[in-house]
Amino acid sequence: MTAQAAVDPQRAAISAVRDAVRAGEKKLADSYIQRPLTRSYLRGRTALVDSALKQLWRTFALPPDIALVATGGYGRGELHPYSDVDLLVLLPGEIGAAHEAALTGFVGALWDIGLHIGHSVRTVEECIETARQDVTIQTNLLEKRLLAGPRALFDQLDRQLHADLDVATFFAAKQREQEQRYARYEDSPYALEPNCKESPGGLRDLQVLGWVSRAAGLGKSWRDLAHQRLITADEANDLRSAERFLQPVRIRLHLLAGRAEDRLLFDHQENLAKAFGIKPTTGKRAAEVLMQRYYLTAKKVMQLNTLLSLNYQDVLFGQERAAPLFINEHFQSVRDLLDIREEDLFERTPSAMLEAFQILQQRSELTGMTARTLRALWINRRQINARFRADPANRERFISLLKARRGIVHNFRRMNQYGILSNYLPPWRKISCQMQHDLFHVYTVDQHTMMVLRNLRRFTMGEHAHEYPLMTRLMLGYQDHWLLYVASLFHDIAKGRGGDHSKLGMVDARNFCEQHAMAPADTALVEWLVEHHLVMSHVAQKEDITDPAVVERFAARVGNEERLIALYLLTHADIRGTSPKVWNGWKARLLEDLFHATQRLLRGASAVEALGLDDRQQDAARILRYFGLRPGTEDALWAKLDSVYFMRHSADEIAWHTRHLYHRPDSPEPVVKARLSEGGEGLQVMVFTHDQRDLFKRLCGFFGKLGYTILDAKVHTTRHNFALDTFVLQNPGGDAHYRDHLALIEHELSTRLSTDAPIDRPTDTRLSRKVRHFPVAPAVRLRADDSGKHYILTLTAADRPGLLFDIADTLAYHEVSVLAAKISTLGERVEDTFLVTGRGLSSDTHVLRVERDLIDKLKI
Numbered sequence: 001m002t003a004q005a006a007v008d009p010q011r012a013a014i015s016a017v018r019d020a021v022r023a024g025e026k027k028l029a030d031s032y033i034q035r036p037l038t039r040s041y042l043r044g045r046t047a048l049v050d051s052a053l054k055q056l057w058r059t060f061a062l063p064p065d066i067a068l069v070a071t072g073g074y075g076r077g078e079l080h081p082y083s084d085v086d087l088l089v090l091l092p093g094e095i096g097a098a099h100e101a102a103l104t105g106f107v108g109a110l111w112d113i114g115l116h117i118g119h120s121v122r123t124v125e126e127c128i129e130t131a132r133q134d135v136t137i138q139t140n141l142l143e144k145r146l147l148a149g150p151r152a153l154f155d156q157l158d159r160q161l162h163a164d165l166d167v168a169t170f171f172a173a174k175q176r177e178q179e180q181r182y183a184r185y186e187d188s189p190y191a192l193e194p195n196c197k198e199s200p201g202g203l204r205d206l207q208v209l210g211w212v213s214r215a216a217g218l219g220k221s222w223r224d225l226a227h228q229r230l231i232t233a234d235e236a237n238d239l240r241s242a243e244r245f246l247q248p249v250r251i252r253l254h255l256l257a258g259r260a261e262d263r264l265l266f267d268h269q270e271n272l273a274k275a276f277g278i279k280p281t282t283g284k285r286a287a288e289v290l291m292q293r294y295y296l297t298a299k300k301v302m303q304l305n306t307l308l309s310l311n312y313q314d315v316l317f318g319q320e321r322a323a324p325l326f327i328n329e330h331f332q333s334v335r336d337l338l339d340i341r342e343e344d345l346f347e348r349t350p351s352a353m354l355e356a357f358q359i360l361q362q363r364s365e366l367t368g369m370t371a372r373t374l375r376a377l378w379i380n381r382r383q384i385n386a387r388f389r390a391d392p393a394n395r396e397r398f399i400s401l402l403k404a405r406r407g408i409v410h411n412f413r414r415m416n417q418y419g420i421l422s423n424y425l426p427p428w429r430k431i432s433c434q435m436q437h438d439l440f441h442v443y444t445v446d447q448h449t450m451m452v453l454r455n456l457r458r459f460t461m462g463e464h465a466h467e468y469p470l471m472t473r474l475m476l477g478y479q480d481h482w483l484l485y486v487a488s489l490f491h492d493i494a495k496g497r498g499g500d501h502s503k504l505g506m507v508d509a510r511n512f513c514e515q516h517a518m519a520p521a522d523t524a525l526v527e528w529l530v531e532h533h534l535v536m537s538h539v540a541q542k543e544d545i546t547d548p549a550v551v552e553r554f555a556a557r558v559g560n561e562e563r564l565i566a567l568y569l570l571t572h573a574d575i576r577g578t579s580p581k582v583w584n585g586w587k588a589r590l591l592e593d594l595f596h597a598t599q600r601l602l603r604g605a606s607a608v609e610a611l612g613l614d615d616r617q618q619d620a621a622r623i624l625r626y627f628g629l630r631p632g633t634e635d636a637l638w639a640k641l642d643s644v645y646f647m648r649h650s651a652d653e654i655a656w657h658t659r660h661l662y663h664r665p666d667s668p669e670p671v672v673k674a675r676l677s678e679g680g681e682g683l684q685v686m687v688f689t690h691d692q693r694d695l696f697k698r699l700c701g702f703f704g705k706l707g708y709t710i711l712d713a714k715v716h717t718t719r720h721n722f723a724l725d726t727f728v729l730q731n732p733g734g735d736a737h738y739r740d741h742l743a744l745i746e747h748e749l750s751t752r753l754s755t756d757a758p759i760d761r762p763t764d765t766r767l768s769r770k771v772r773h774f775p776v777a778p779a780v781r782l783r784a785d786d787s788g789k790h791y792i793l794t795l796t797a798a799d800r801p802g803l804l805f806d807i808a809d810t811l812a813y814h815e816v817s818v819l820a821a822k823i824s825t826l827g828e829r830v831e832d833t834f835l836v837t838g839r840g841l842s843s844d845t846h847v848l849r850v851e852r853d854l855i856d857k858l859k860i
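In this text, residue positions in the sequence shown follow our numbering: the first is 1, and each later residue adds one.
FYI, nobody ran anything at the bench for these hints, they're computed from the structure. Incorrect hints may appear among the rest.
In silico DSS-like cross-links for lysine-lysine, where the CA-CA straight-line distance does not exceed 27 Å [to be verified]:
hint: 1; residue 1: Lys430; residue 2: Lys284
hint: 2; residue 1: Lys714; residue 2: Lys503
hint: 3; residue 1: Lys220; residue 2: Lys197
hint: 4; residue 1: Lys300; residue 2: Lys274
hint: 5; residue 1: Lys274; residue 2: Lys430
hint: 6; residue 1: Lys54; residue 2: Lys26
hint: 7; residue 1: Lys542; residue 2: Lys859
Distance ranges between label pairs, derived from CB positions [stated by the list, open to error]:
hint: 8; residue 1: His116; residue 2: Asp652; range: 51 to 59 Å
hint: 9; residue 1: Thr169; residue 2: Arg387; range: 48 to 56 Å
hint: 10; residue 1: Arg363; residue 2: Lys859; range: 54 to 62 Å
Just so it is clear, CB atoms sit at the ideal spot from N, CA and C, and this is done for glycine as well.
Make the full structure from the sequences, and use the hints.
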């Protein structure tokens, strides 16, 4: 037989297997959609792949002494629609070139039939060696299953693996692996688009528990673990229920995406909810109902993972355990973990639940709680009822948890995880696992609150002083930190109820303070902070804080310096707690400038003095001296700048402008300079040129074409009719090589401003998925300012590439000039404010026309 003749039957066999696999997978998917039987699907796809592999193994006539072994999830018999098929080709020893060629052909055929293969070719000795070095390989081999080849070789591998397996070392390695995985997801399952496999509380958490149980010989099912008394029968049922929810989620995700997709992306959430038969409820879309169910499931999985891991630790390290150390009549210490002395303690003495958290804070040697203590907390959480909450002793204990010197964040996270917090604070139940689909919060409401509490605590810690120097100084000078912690717990507690959550939360905060016998002054402060927790960020990001009247109004609202400091700390912690992407140096500067100006005003300075105009000029002059410019060098340029300019720009910006313009205050050619913004988080660009029609539009078009988002724009016209504009830019794609773009921007923009070049239009790019799935209804308002000389334009819309250019284009069409712009980007949502002027704006009809055209432009 010729080589060609041998190849043709192989090709025919591969084609036949490919067709069988495709038909089989389609039949499985169609059947699952009609009748979603998860176990049948997973086993059915495993059997389908088994059949295909065995047929190809025979087709390529692999030697009878080589074994084909399924490993990992495939070995376990849980093959999701687009899961990798993990295989081990087990060799008895060295193989010849002919057999190697056959193996290569076999593996290539697996790809040809459309399977995603993860394979290795090893001897038994090589398997043992690699397993010792890599716990992931060791784990995969725990779930091996013989597909073809000699049983004796497979059994030899099995015996040697178990003989070589150190269960305690394996458990410790899986715990470290889990910690690293949790860290990648910020130790939280509550992201907007969680990974149902890898995120905390996902399928991987369940698999880790199964791997350790299998390695330790404790059982192969949740029922086995219940028989071993490592979990209760109810907990075994909870684990089964979680698995029966998460596995279908993953199957549906794969089928919806048509690929191995484990993230619950916005693109799929609504369709996934529909597939599960979930209907929308009052105030919640079907996707939100689904996601709340997912978060509650993930929360339960994390609880049970913690409980069972602690029990594994007892089984594996029990012989190392010293005798319990007596703490008091209720508690003891077991291996540095807090343990209840009697199983029914919390049932008999419910107040001991809060006492447990007090002891954790008081004893630094305790690293957590034992499994039975955590289990008892969860089982008895509903003992925290109206009678419990009304007990003055319990109220005092709860307040003491907020006043403690250490362990506050850890304790409150644990109280939230085990239902203690939602039972002690009934309004908390409604925000537990409640998602915030507002484009910039990336955590559920309860987790966001925990992040705010964490941020406030960090302001008290020396190790974080380098990150928040001003916050740390203010916090250390603030006498009662715990009042801020109370305010943080209540600032968003009324989210999702309808109405103004600040007003509703203020009522809850007041009731809490009065019930806990807090001093009237403390109650008033907490209540005020909750009611006004959004005010400072609103003023800093949406109003002109260089306007004395704006600062005066804000100062009048704050009233005194104590409230100002408390609100500044809470605001800073709140914004940082929404999303890692929302906070930046520009927002920090706005808040800090508003804080200092208001502080000076409250200390008796005039409004102009509070803005620090004279100080700013003096500081700018000192910076110029540092760069070697002689006194008086700046006079010619500064004479052409009015007080508004000095109020709107920092001393550093004034000095930067002056260094490049002092010798050419009447430059006939445009001057463009760019530098890294503070913290290197973007670019700052200065443009100095003769004022011209459509300049703002031209600049927006240029920056948009380069792919930059404008975070801030200070548009100023000098006394001699020159434009002196400053922009803060950021690349939303996360390009960190800003320094490489400085010369490009300076050269290209100067050239375009020097010629009569057409106005650039931003390059069309795809909308982000968040914007597509959570659209923001555009809103526009154009009204005269208090002086009646100018107009204030405010707008809200979903962010997108070229948005600011479209706004500038519309304003230019209506002959509206931009005097100043405040660009506030909150995730994928923009809330921008412009100070504008135009001859036609005195006409209501013209204003309505401008507003209508802007709304049309803002629609996606």
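*Which numbered hints are broken by the structure, listed smallest first?*
2
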